[in-house]
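Undergrad: Going down the list, the sequences are from chains R and F. Counting in full-length UniProt numbering, the first sequence runs from 1 upward without gaps. Counting in full-length UniProt numbering, the second sequence runs from 1 upward without gaps.
Possibly wrong hints are sitting among the right ones.
Said to hold, decoys possible - Below, in silico cross-link-like pairs of lysine-lysine (PhoX-like), each with a Cα-Cα straight-line distance of 20 Å or less:
| id | chain 1 | residue 1 | chain 2 | residue 2 |
| --- | --- | --- | --- | --- |
| 1 | F | 179 | R | 197 |
| 2 | F | 179 | F | 142 |
| 3 | R | 197 | F | 80 |
Derived by calculation from the structure, the hints in this document are not laboratory data.
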Amino acid sequence: MCLFQSVMNYFPEEVLEHVFDFLTSHRDRNAVSLVCKSWYSVERFSREKVFIGNCYAVDPERLIARFPRVRSLTLKGKPHFADFNLVPHDWGGYVYPWIEAMAKNGINLEELRLKRMVVSDESLELLAKSFPNFKSLVLVSCDGFSTDGLAAIASNCRFLRELDLQENEVDDRKGQWLSCFPDTCTSLVSLNFACLKGEASVAALERLVARCRNLRSLRLNHAVPLDTLQKILVQAPQLNDLGTGTFVHDPDSDAYCKLKNAIKKCKSIRSLSGFLDVNTRCLPAVYPICTNLTSLNLSYAPGIYSSELIKLICHCKKLERLWILDTIGDKGLDVVASTCKELQELRVFPSDLYGVGNAAVTEEGLVAVSAGCPKLNSLLYFCQQMTNAALITVAKNCPNFIRFRLCTLDPTIPDAVTNQPLDEGFGAIVQSCKGLKRLSVSGLLTDQVFLYIGMYAEQLEMLSIAFAGDSDKGMLYVLNGCKKLKKLEIRDSPFGNVALLADVGKYETMRSLWMSSCEVTFGACKTLAEKMPRLNVEIINEGEQIEASPDDRHRVEKMYLYRTLVGPRRDAPDFVWTL
Amino acid sequence: MEGVMSHASDLNLKATELRLGLPGTDERDDVESVARNNKRALPESANDSGSKGGKSIDHENAPAPKAQIVGWPPVRSYRKNNLEAKKTETETGMYVKVSMDGAPYLRKIDLSIYNGYAELLKALESMFKLTIGDYSEREGYKGSEYAPAYEDKDGDLMLVGDVPWDMFMSSCKRLRIMKGSDASGLGCGV
C-alpha cells in the first residue's frame, strides 16, 4: 500500500491528467475521482464535461466549486412523467439560476444540453451575452422560451456551431430570428428548428446555409417549402443529416424535377426525417439516398400510408435506426424485417391516440422484426395487443436488448390469445436480455412479473410501471432485486406504505422515485422524509388537500422523491410540499 | 377483470402452464386487487378536446375506459399535439370557403366528406341552386352557366377537376363558382 502510494505520487499531475483525458464516460471519471485525494483533485480540475441527471440533486454553486473548468453542462429537470401531463406546468426545473451562477463566476461555458427544463427568454439572452466561446445549445422537451430568445442566441454567439431544438414547446413570435445570424456567422454545423410552428425567413435561411460550409445537420420546420429545400440542397450537398419541412409539390413540376436532381447529389446523407406535410407522389425523390441511410424518422408523417412506407423502406438496406408510426402495420414490419438487417433501434409510435383505430400493430409485427433483425437492441413499441408467446419468441431471437419499452394501447390488456397476464412474456425478456438497462411494462400484469424482474434484471437502471401488480410484494421484489436501479416510476398501481418504507436506504442509491395514484399515504411519506434527510420527498397537491396538515392516512396522489446534497429546493411552487 | 379470471379458471389453464417462477410460488388470487386496478376511475383527460367520448376497443376483456386516462398512451405532449393538429385537419373536416359571383355572402363546405368530384359538384349544385354541367379535360365545363374554380396553395385560380382528387383536397384553399362568361379563360370552350 505504501509503495503503491509513493509510486503513484511519483507521477506528475500532468501525466495523470493526460491519462484521465482518455476517460470519456462520466461514470469512469466519477469512479476515478474516488480513488484518493490527489486523483480527486486532478480529476476535478481537468473535468470539462459535467452531466447532472437531476438539476435539484446539487446546485450551481457546488458545480462551480468542484469543477471550475467546466465547459459543457448537461442538465435534466422535470421527472419523466412530466412528458405525459402528469406533472403540473410550473413544478420547476428552471435553468436561469445555473446560467446566472456560471456567468457570475466566469465559467467558460461552451456547451449546454437541457432536457425537460424551463428555459426563459431571459435565460437565453443571459446565456448569449455571457459566454463568448459558446458553441452548442441543445434543448430537448423544454418550454418557456420564444423565438425572441433564439434571436438573442443567433445575434450574439459568434462561434455558434450547434442549435438543436428537439420537441420543445416554443412560443413563435413570428420574428425574424433566422435573420439575426450575422453575415459573419459561418460556423454552424448543426441547425434543427423542426419544432417551431411559425414561418421562417426563407431568404435568410438560404443565405445562412450558403455561407456555413461546415453545415452537416439541418432539420427544417413545416413552414419551409419544397422549392426552398431544393435551393438549400444545391448549396449544401455535404449534409449528412436532413429533416425536410413540407414535402408537398406537384410531382410534374419543374421545381420537383430540380429537387430530384439536387437530392441525388447529396451523397453524404445518412439520416433523414421530417415530411411534416407530404404528398406521397413526391416521395420517390428520396429513393436514391435511401440506400445509404442509417437513420430514418417518419414518426411525424401521418400522411404517408402503409404502402408508400413499404416502398420507401425497401430501399433502406443499411438502416440502423427506424422511428415510424403504427400506420406501417404488421405487413410493413415484415418488410422491415426482411430488408433492414442492420437494424438496432426501432420505435413504433401510435397514430391514433384514442386506441380505437384499425391502424395499429400487433405482436406479429414485433416477432417478425425480432426474427429478421438480430442486431436489434432498443425498442419502443406501441401496440394494439400482445401475447406471452410472442414476447418469449422475441426474447429468444434478440437477447441483446438494452432498452425494451412496450406499451399496449389498452394499459391492462391481457394476452390476446390466452387471456393470461403478460407476466411470462416480460419474464422471458428479462431472463434472456442480460444487459437490459431500461424496461417499460404494460398490459395485464400481476406481482409475478416483478418477481421475475427482481430476479433477473441485474443491469436494470430504469423501470416504468403503470396499472400493474397486485400488492406491495411487487414493488418489494423490484427494490430488493434490482441492484443497479436508478430511476423507478410507477403510476396507478396498488403499491403502498409497506413497500415504500421497507428499505429506505435504497433511495439514496437511486436518482429518483415517482409514485402517482398508488396506495402510499401522507403519513408514510412523512416518515420516510424524517428518516432520510438527504432525500427530498415532494408531494404534489393539485387543489385537493390545501389544509395545513392533511390526515396521515390520506392517500398521496403524486409523490416524487430524489436524493440531493442541497436540501429542499427554494423554488418549489405552492402546490409542491417538500416534507 | 373479473371476466378474465373466471374465463381462465373455466379452462384451468393455470394448472398446466409452464412457469418461470420459483417452485411453490403461489398463484395470485387477489382478483379484487386486479379488478381494483382497472376500476381505478381516472379523471377526465385534459386532452379531451377531440375525444371520441368513451368509445372502447372492441375487446371483451377491457373494462377500463379508453380516451379518458390522463397520460395514456404515454406519448410526449409535443408529439400528441402535433398528431392532433394533423388529425384535426384531415379527420375532423377540411372546411373551405365557397364564394359565388354575385352572391351576398359566402358558404363553407367540408371537403373531406366527399369521395370525389362528382359528389362535390352535386353538393355545390344543391347548395347554390344551379347547374354545373359535365367536366371534360379539353373543354372544362362546357355548356354550363357556371364553372367551379379553386384557389390553390400558391394562390392561383384553377379549374376544378384537372388533378386527382387527393391532390385537389390537399391543395384547395377556397372554392369559387364563376359565371360561365367569366370562366371562358379557364377552359370552357369558346
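Undergrad: Are the hints correct? Go through all of them and say.
TA: Outcome of the hint check:
At most 20 Å may separate the alpha-carbon atoms for a hinted pair to count; residue 179(F) and residue 197(R) exceed this at roughly 39 Å. With a CA separation close to 12 Å, the supplied pair residue 179(F) and residue 142(F) stays within the 20 Å bound. Of the supplied pair hints, the one linking residue 197(R) and residue 80(F) holds, its CA atoms being roughly 15 Å apart against a limit of 20 Å.
Checked against the numbered hints given earlier, this structure breaks only hint 1.
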